[in-house]
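Participant: Turn these sequences into a full structure, and let the hints guide you.
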Amino acid sequence: MATSLLLRHSSAVFFSQSSFFFTKNNSFRSFSSIKMERGEASEEKDAVKTTKKVFVAGATGQTGKRIVEQLLSRGFAVKAGVRDVEKAKTSFKDDPSLQIVRADVTEGHDKLAEAIGDDSQAVICATGFRPGFDIFTPWKVDNFGTVNLVDACRKQGVEKFVLISSILVNGAAMGQILNPAYIFLNLFGLTLVAKLQAEKYIRRSGINYTIVRPGGLKNDPPTGNVVMEPEDTLYEGSISRDLVAEVAVEALLQEESSFKVVEIVARAEAPKRSYKDLFASVKGQ
1 MATSLLLRHS SAVFFSQSSF FFTKNNSFRS FSSIKMERGE ASEEKDAVKT TKKVFVAGAT
61 GQTGKRIVEQ LLSRGFAVKA GVRDVEKAKT SFKDDPSLQI VRADVTEGHD KLAEAIGDDS
121 QAVICATGFR PGFDIFTPWK VDNFGTVNLV DACRKQGVEK FVLISSILVN GAAMGQILNP
181 AYIFLNLFGL TLVAKLQAEK YIRRSGINYT IVRPGGLKND PPTGNVVMEP EDTLYEGSIS
241 RDLVAEVAVE ALLQEESSFK VVEIVARAEA PKRSYKDLFA SVKGQ
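Okay, so the sequence shown: first residue is 1 according to the UniProt record's numbering, each after it adds one.
It is worth saying that the hints were derived from the structure and are not from the lab. Heads up, a few of these hints could be off.
[As the list claims (entries may be wrong)] Listed next, the in silico DSS-like pairs over lysine-lysine satisfying Cα-Cα at most 27 Å (straight line):
id, residue 1, residue 2
1, K218, K272
2, K89, K140
3, K200, K276
4, K87, K111
5, K93, K140
6, K272, K52
7, K272, K93
8, K111, K200
9, K200, K272
10, K140, K87
11, K111, K89
12, K52, K111
13, K140, K111
14, K218, K65
15, K218, K276
16, K93, K218
17, K200, K140
18, K140, K218
19, K93, K65
20, K52, K65
21, K65, K140
[As the list claims (entries may be wrong)] Computed Cβ-Cβ distance ranges for the label pairs, DEER-style:
id, residue 1, residue 2, range
22, D119, R83, 19 to 29 Å
23, K276, Q99, 26 to 36 Å
24, L187, S73, 29 to 39 Å
25, R273, I135, 36 to 46 Å
26, S205, P230, 13 to 23 Å
27, F259, L187, 12 to 22 Å
28, V101, R74, 13 to 23 Å
29, G75, F259, 34 to 44 Å
30, P180, S97, 23 to 33 Å
31, D118, K272, 35 to 45 Å
32, A268, T233, 37 to 47 Å
33, S274, D220, 19 to 29 Å
34, Y201, K111, 12 to 22 Å
Beta carbons: idealized from backbone N, C-alpha and C, even for Gly.
Facilitator: Below you can see the structure in the form of structure tokens.
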């Protein structure tokens with residue numbers, strides 16, 4: 001299993017209070033309360049359409065793209081933050097609910113705040129460095145870049161921040177310092193250490209957050225059911241990027257996701273559970 005995690009992350013190593021929504025009169029309403037009042041789950045898309053936009057950083061990455069697609073399919077308006085707008089236009093189908101904007105997390109929080117704008121209610125971070133010769137890239141993207149994004153969210157009053165991180169980021173404290181995956185991934189400029197520092201910054205920020213730590217990422221269609229555990233619990237296992245995207249979207253919809261770090265893998269033998277129950281099973285901050 002550790003080998004699987006190592007191999008899955010080696011190519012694109014990493015990416016990414018209740019969830020509140022605006023009604024038409026701009027008053028705060030939780031999504032779950034809207035569903036309860038209407039009494040029908042089929043009203044989900046209509047309820048979501050009353051929200052402001054969700055900004056996705058790293059929207060053209062392998063996980064980020066799936067997050068954008070799932071948000072759109074569920075009725076969200078999406079602002080996709082990318083480094084190359086023209087190239088990104090070829091990655092997505094035309095959709096009136098999708099806006100593509102230039103956003104580079106390494107360029108500071110002021111430019112990011114402009115990209116996020118005052119019309120983004122939530123931000124999902126699915127960024128990640130690409131292996132290269134610059135050993136500082138993981139820190140520029142996975143640490144300082146995420147910090148820049150958090151500061152931009154604070155400046156714009158964003159209500160919810162979801163980060164796609166990874167299991168084993170705190171591997172040393174877990175006694176997994178000799179885990180092959182932990183060793184290998186940290187060869188890329190101490191990637192896991194950089195991500196852990198960014199997580200700590202998010203937790204001190206005061207923003208309502210959900211930090212999602214998936215196991216080894218697979219491009220294959222989902223198999224098995226989601227297993228969700230508290231932080232620093234899982235040290236092996238894998239999961240489809242499609243399921244990671246699904247968890248990220250659900251983190252916007254489930255009040256139980258607030259101020260939590262969750263670790264996820266997929267297992268064939270795991271029972272099928274609702275996301276409400278999964279998030280509720282993990283203790284918050």
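Participant: Determine for every hint whether it applies to the structure shown.
Facilitator: Right, here's what the structure says about each hint:
no.	hint	verdict
1	K218 <-> K272	20 Å, holds
2	K89 <-> K140	25 Å, holds
3	K200 <-> K276	25 Å, holds
4	K87 <-> K111	20 Å, holds
5	K93 <-> K140	30 Å, violated
6	K272 <-> K52	31 Å, violated
7	K272 <-> K93	32 Å, violated
8	K111 <-> K200	23 Å, holds
9	K200 <-> K272	31 Å, violated
10	K140 <-> K87	22 Å, holds
11	K111 <-> K89	21 Å, holds
12	K52 <-> K111	20 Å, holds
13	K140 <-> K111	16 Å, holds
14	K218 <-> K65	14 Å, holds
15	K218 <-> K276	24 Å, holds
16	K93 <-> K218	23 Å, holds
17	K200 <-> K140	16 Å, holds
18	K140 <-> K218	25 Å, holds
19	K93 <-> K65	11 Å, holds
20	K52 <-> K65	19 Å, holds
21	K65 <-> K140	21 Å, holds
22	D119 <-> R83: 19 to 29 Å	21 Å, holds
23	K276 <-> Q99: 26 to 36 Å	30 Å, holds
24	L187 <-> S73: 29 to 39 Å	37 Å, holds
25	R273 <-> I135: 36 to 46 Å	41 Å, holds
26	S205 <-> P230: 13 to 23 Å	20 Å, holds
27	F259 <-> L187: 12 to 22 Å	32 Å, violated
28	V101 <-> R74: 13 to 23 Å	21 Å, holds
29	G75 <-> F259: 34 to 44 Å	26 Å, violated
30	P180 <-> S97: 23 to 33 Å	43 Å, violated
31	D118 <-> K272: 35 to 45 Å	39 Å, holds
32	A268 <-> T233: 37 to 47 Å	19 Å, violated
33	S274 <-> D220: 19 to 29 Å	24 Å, holds
34	Y201 <-> K111: 12 to 22 Å	19 Å, holds
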